[in-house]
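Visitor: Line by line, the protein sequences are chains W and P.
Heads up, our numbering is the position in the first sequence plus 999, with the first residue counted as 1.
Heads up, our numbering is the position in the second sequence plus 3, with the first residue counted as 1.
Read the hints as simulated data drawn from the structure, not as lab findings.
Note that the Cβ used here is the ideal one computed from N, Cα and C, for glycine as well.
Some hints could be false.
[What the hints assert, rightly or not] Covered stretches of chain W (chain P as the covering partner; in silico rule of three or more C-beta atoms under 8 Å from a C-beta of chain P):
hint	stretch
1	1017-1027
2	1052-1062
3	1237-1244
4	1250-1256
5	1315-1324
6	1360-1373
7	1377-1391
What follows is the residue order along each chain.
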Amino acid sequence: MSRSLVKFAAIILVIAALLYVGVYGLDFTDKYRIPGVMDSDGITQGLDLKGGTVIVFRAATTDPSEEDMDNVVNLLRRRLDFQGYTEASVTMQGSNKVRVEIPDVQDSDTAVETLGATAQLEFKDANGNTIMTGSEVTNASSEYGQTEQGISRNSYYISMEFTPEGQQKFSEATRTAAAAKSSNMNYITIEMDGNVLTAPRVNEQIDSDSCIITGEFTADEASALAANIKSGQLPFSLAVDEVKVVSATLGEEALSKAITAGIIGLILVLLFMLLIYRLQGLMADFALMFYVAVVLILLANFHINITLPGIAGIILAIGMAVDANVVIFERVKEELKLGKTVRSAVDAGFHRALSAVIDSNVTTIISAVILWWLGTGTIKGFGITLFMGIVVSMISAIFVTRFLLKQMIGMNVKNPWLYGLNKSKTGSESVKGGKA
Amino acid sequence: MFDIVQKKWIFFGISLALCLISIVSLIFRGFNLDTDFSGGIALTYEVKGDDFSTEDMSALVSEALGAGKAASSVQKSGSDVIIKVGYDKDITDEERTEFSNTVRDSITTALEGKFGAPVVDSAAAAEATAAPDETAATEATADPAASTDPAAAEAVATEAPAANADGELTSGVRLKSMDDISPSSGRELARSALWMSLLACAAILLYVTFRFEFTSGCVAIIALVHDVLILLGVYSILQISVNINFIAAVLTVLGYSINNTIVIMDRIRENTRNSRKETYGEIANNSIWQTMTRSINTTITTLLTIGMVFIIGVASIKAFALPIIIGIVVGFFSSVFITGPLWATWRDSAVNAKRAAAGNGKSNSKKK
């Protein structure tokens, strides 16, 4: 008996510890730590909770090549990085779309403009006449070094390379521009979609396949400008297919309400199981807490993107989680009614219910996997959490509950009433339970 | 105990009637497609202060949009109002961007005119006022010759939150969320939703036929189609708007409503193995009743949790929970009252066809 008690107490402690870790995390050192859901880095909130902007761009051309699309993805990522949105994500969606998610940004108009402005890079003279376009620039990069002879100070500058045609056009333009030096009209503007990126002064004709733009650039400014110039080479412009903006307040409200719903739902299920299945129900409740703990730990440590439907998936899975136990316990009750001892009834119940439990969960897993695999955005999040919830719940309902019940029986807690039978048959088991 | 198999025609009748009504409605009424699928703009505003009715709001929106245009739906949810405006099917990208901006701006202006500009909680407001100054500063440097790095300038501009994005709204009206989807994107989504559902059906069918004998597999699939058909029917009849979350809910119902069926079929499988004397009808009826408490209890626990989500959650999550709840209830009905009797009937007719004169068939044929 005492051994069972020790085992029982041990597993309860383990569940409690797991719950603690799931909620608050565990810090061994600053580096080696397990985040919990309450930690700031614990939960990766989807945009529908955190607030932010989702933009889906579509290539405004038929059948863009994979390479071109990769370029677009890289370019958008770079632009977002340069602008400080390091948490933003850029992913391909289908064969001709790019999905951009920018947390915390509500001003979608500016975001669309800044990101989508990949269409046309133009070089113009002081009078606004177009000299050449971005397709004649083969490369642009930011560099650091000495820019003029005689000046020892190093600075950031942008280096551009031209196609032969571009070289010729640029040469002509710089000649004209340099000639206008006296009237202070000696500059060339580089515009993207009509917005001026930079307007460098021209001091002399440049007839070379490369040139540099100097100025008081910081490292970031120089590389941003270089990236912008380079991006002018994109073979197509991007059309905006979808824009979603969620304010942070809406997300907060949705999150807090969903958590409240989850906690109340959990408590109701715990009470329901306790009332209907008594001692077995209590064990199922411990198993359910194990489920909650494991799910929290998974959420916090695998950076699963939590969306609103995702939370619904977790909550739904709480209700589904006990299904396996309901199937098993009903079976145990039937076996008890047949006059089996508690021990053999529990064994038989678990054994016989197993096929039903597995079969009925597999179909739900199929649906969840399809949503995870083929869904986009929030639906993907739902698929992931539903899948996770069902798998973890099945494990906890079968193994944890069974282990706990075995310890109970080991402690000689064998009153059939406690196992859900209505008429107490204490004492009768030694008479009828010969089979065990 | 009440013989479900004996009374099967009552339940078959109910099911057939519901399915028929659903089919008729699906053909003639169709769905009320949300902007997810049809393409359009959905705007959610938070309105504090004056209470409003949906009718007033609709009128206000129609007026703001101008002649000939109206919102496809105006929906009230607590102190929020969700306004949806559809796109023409063949609108071009340029027209769409312009249309979307006009719609948003004119509705916002109209609402602010009626309910007042947003006033937010002072603490949050202080945080927000710092931003506009920065924006102004960057605009000043946007002169061609001086500007060297517009990307950085724009970065500051985007970081500045829409002046009142954070903090508690105390009065007035403010845009909480916006959803703008092109018609082509919607069509694509509908296509992928259809694919997902078909794939799920096929995979579940495959699994069920692999695990159970053919009759049980077919019965389970019939129940599944029945559940989804009625779920779709409810949405068509009540014209509840159908969005991408609905598809996820339908797939969940596909996977979950079959649970009860499987447990009953599993019991039928076991009882068939153990007993040779009983008729298929008796086996089915016994199996249904042996698993009844379990079917009810499981349905209750699932409804407890998803029901809480429906009662407490925000509008978008309510819309997600509702089809799951309907699916679970319909699934319970079909599993308990349809699948067992259907299985018995099917088996009996197969047996009758095979050995019409045999004694085993006699007791079965009485039930016909």
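Visitor: Which numbered conditions among the earlier hints are violated in the structure presented, ordered from lowest to highest?
Guide: 1
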